[in-house]
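> Spelled out, the chains give:
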Amino acid sequence: MRILIIDLEKKEHTYLEDESLRQLYIGGVGLNTALLYKYIDRTITPFDVRNSLFLTSGALVGTNIPTTSRCEATALSPTGYFGTANSGGKSGLAIKLCNIDSIWIKGKSENPVYALIDEKGVTLKDASHMWGRDTFETVHILKEMEGQDAEVLSIGQAGEAGVQFASIQSDYHHSFGRTGLGAIMGSKKLKALCFIGKGEIQIRDKTLLREITKKIRGRILSSDSFGYTRRYGSMVVSDVYNRLGILPGRNFRQGSFDNWEATRGRRFFEETYKERTLACVSCPIGCLHWSRVKDGEYAGYETCGLEVTFTLEFGAKLDLENIPEIFQCVELCNRLGMDVISTSATIAYIIELFEKGFLKETDIGFRPAFGDFKSIYKLISMIGRQEGTGRLFGHGIKHAVEHFKGSESFACEIKGLEMPVRDPRGRFDTWMLGVLINTRGGDHLRIRTPVDDLKDFERSYEYEPLALTPAELELIDMPQALKDKILGIPPSKVAIPAMTKYSEEYMTLLNSFGLCIRPPVLRTIGPSIMSEAFRAVYGYEMDENELLFAAERIINMAHLFNLDRGLAFQDYHYPDRFYKESEDYIKGKRLPLDHTKIEGMLKAYFVLRGWDETGHIKEETIKRLGID
Amino acid sequence: MSCILACSLFNFNVINPEKSFIKLDKNEERQTFTISVSEGCKSCGECITVCAYKALEWEDENSYN
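As you go down the protein sequences, you meet chains A and B in turn.
Counting along the first sequence from 1, when you hit position 6 you're at 6 in our numbering, and nothing is skipped either side.
Each number in our numbering comes from the position in the second sequence (counting from 1) with 1000 added on.
These are calculated hints, taken from the structure and not from any lab test.
Just to be clear, a hint being listed does not mean it is correct.
What the hints assert, rightly or not - When the alpha-carbon atoms are kept at most 30 Å apart in a straight line, the in silico DSS-like pairs for lysine-lysine are as follows:
(1) A:Lys493 with B:Lys1026
(2) B:Lys1019 with A:Lys120
(3) B:Lys1042 with A:Lys215
(4) A:Lys120 with B:Lys1026
(5) B:Lys1019 with A:Lys143
(6) A:Lys38 with A:Lys398
(7) A:Lys189 with A:Lys398
(8) A:Lys378 with A:Lys398
(9) B:Lys1019 with A:Lys215
As the list claims (entries may be wrong) - Among chain B residues calculated to face chain A with C-beta under 7 Å, some are:
(10) Leu1009
(11) Ala1052
(12) Ala1055
Unchecked claim - What the simulated footprint calls covered on chain A by chain B, stretch by stretch (three residues with Cβ under 8 Å from a Cβ of chain B suffice, anywhere in the stretch; the number is not a length):
(13) 5-13
(14) 194-202
(15) 318-325
(16) 387-393
Note that the structure is predicted; figures quoted are calculated from it, not measured.
Note that the Cβ used here is the ideal one computed from N, Cα and C, for glycine as well.
Please build the complete structure, drawing on both the sequences and the hints.
Structure follows, in structure tokens:
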């Protein structure tokens, strides 16, 4: 692997070349984790000059293997723990075309700079004139200066101001959203990375690559979920979330809305706003949309979207009914360079603080309310620009709680990261245990099962039902021994702790190879197919179990990093709201979670990982995985 | 961009958009593009095979549209 090291302090760059890293860490999140684990001092604060930012393309990016566009960014997060985020779009390919796999950004610049990168190296250029500009303006300026084909990763005002959930934006419409990596870039005075490489990617066996590409494409296009995903994108699940009562409505107090499908449902969105389908590099699914508002106050407005996350966050968590208003909020977040989930969660917390009397109108300057676009839009701006009350909330909910003693139960964060999109009381499954276990904190995207479905069932904590048909189950690429162990013989139900462990390893492989995590992929591409692709592109022979072993090592390295940072068993905790309050939804009430039973599932997962009951890794496990 | 990647790989044995016979003129902000096929195209059809959006199709038996 070829890693470009940029030292912002010394204003120089070097290359680190080590092909042995490929089979150990694959690429993407795998390599980033290894570099963070090996080179980042555990005792520093996140904005210390010794923190680094790692950006690595997935191992299969640049090929035509379907959905291989993804790129991973990683650093010690402003949360204090392992920080990592993933993006589609073209940034992964742009890195590869600079004849590198990865970029390691060290040190801090004295003045604002951007890094112009191509296959010959790096030039650090003055970015003073861009500092203070939003990401759309920055991308526009850099494309004017460096060419329209340049791929730009940039931060907005939120990253410059050190907002702890600032994002890195990829061109106009893609984001490395979670864990505040934009703030790390901002602390380094690095406004943007601009890629103009015209290099090339070598392929070991192009005939085999053609075969494997055709095979994967066939599997994805024949998946049951393909047609729906092409049509609705991620919005495909919007209606069913409402019916299940798993929406995070009004800061996780309302699991459904009576008018949801008529105002924020998938068909309403698709028929009213969608103009055409868009896709990332090498993706045949095309889950993205270009949308246009046809009438009303925002008539003529066009944008990329809607994603279901935007709908669940601004539409449910903050109860904005009108899709054009959701579009406006998302664009403002993207321009300021701020994660949509953490921003919505923080504003939901502010509004509930106001409702309960912790904050007064005189503190804020106006009366914030759920469903009120103007106050919500104003709060986004105040947080992103760190103005007025916004300053109290720029360090995330976990820190804000220190100012508002007694608000802990509705401060919706886990391990310092604001909670996303789904209420665990509505459906406690592998995905929801995964939110507690996730190495990056309160997040839903690192543990998703290949057999996930959205049928309702009576909560058991230990199991969720298996609703797939035998044909669908057959198509899932997962080692047979694990299918037998986790789903039973014959397959009947899903053992949640064991599926959580497998799903975490599986997702780590997807994020290392640069594959997408949409259902048409989850249902069709697994470790054995990744193994074939690895052989075609690099010539390496690693079977599915060897790949899963590599993923296990990567996960344990991230966890060791978090343990060194002080992670403790009590941090695996939903806010008290979820253990003490019921949640209303269309069909009645969802009861609070049982704390003891969830602890039991956590411990069962720890045992499967070879950790002790407090979550510390046993010496024998570290030895078995060969971690130094 | 699948067409570009496939074109360079199967005609030049390497993935390199610069070498592809297919070029895209893009507007990133509005997410639009136009495709052009340059001289030298050997009508191998790899680009059509990999495109899932029917952006390219055979014009007659020897050339693309």
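> All the hints need checking, so say for each whether the structure fits it.
Here is how each hint holds up against the structure:
1. About 48 Å separates the Cα atoms of Lys493 (chain A) and Lys1026 (chain B), which puts this hinted pair outside 30 Å; it is violated.
2. With a C-alpha separation of about 18 Å, the suggested pairing of Lys1019 (chain B) with Lys120 (chain A) holds against the 30 Å cut-off.
3. For the given pair, Lys1042 (chain B) sits about 25 Å from Lys215 (chain A) by alpha-carbon distance, which is consistent with the 30 Å threshold.
4. For the suggested pair Lys120 (chain A) and Lys1026 (chain B), the alpha carbons sit about 25 Å apart, so the restraint of at most 30 Å is met.
5. Between the alpha carbons of Lys1019 (chain B) and Lys143 (chain A) the distance comes to roughly 22 Å, so the proposed pair stays at or under 30 Å and holds.
6. With a C-alpha separation of about 28 Å, the suggested pair Lys38 (chain A) and Lys398 (chain A) falls inside the 30 Å cut-off, and the hint holds.
7. With a C-alpha separation of about 25 Å, the suggested pair Lys189 (chain A) and Lys398 (chain A) falls inside the 30 Å cut-off, and the hint holds.
8. With a CA separation close to 22 Å, the supplied pair Lys378 (chain A) and Lys398 (chain A) stays within the 30 Å bound.
9. Restraint check: the Cα-Cα separation between Lys1019 (chain B) and Lys215 (chain A) comes to about 26 Å, which is no more than 30 Å; the hinted pair holds.
10. Look at Leu1009 (chain B): its Cβ gets to within about 6 Å of chain A, closer than 7 Å, so that hint holds up.
11. Evaluation of the Ala1052 (chain B) hint against chain A yields a held restraint, the C-beta minimum of about 3 Å falling below 7 Å.
12. Interface hint at Ala1055 (chain B): violated, since its Cβ lies 11 Å from the closest Cβ of chain A, which is beyond the 7 Å cut-off.
13. For the segment 5-13 of chain A, the stated coverage by chain B is not satisfied: 0 residues place a CB nearer than 8 Å to a CB of that chain, which falls below the threshold of 3.
14. For the segment 194-202 of chain A, the proposed coverage by chain B is satisfied: 5 residues have a C-beta within less than 8 Å of a C-beta in that chain, meeting the threshold of three.
15. Counting residues of the segment 318-325 of chain A whose C-beta lies closer than 8 Å to any C-beta of chain B gives 0; at least three are required, and the coverage claim is violated.
16. Figure legend: the segment 387-393 of chain A, annotated as covered by chain B; annotation inconsistent (0 residues with Cβ-Cβ distances under 8 Å, at least 3 required).
The structure fails hints 1, 12, 13, 15 and 16 (numbered hints given earlier, in ascending order).
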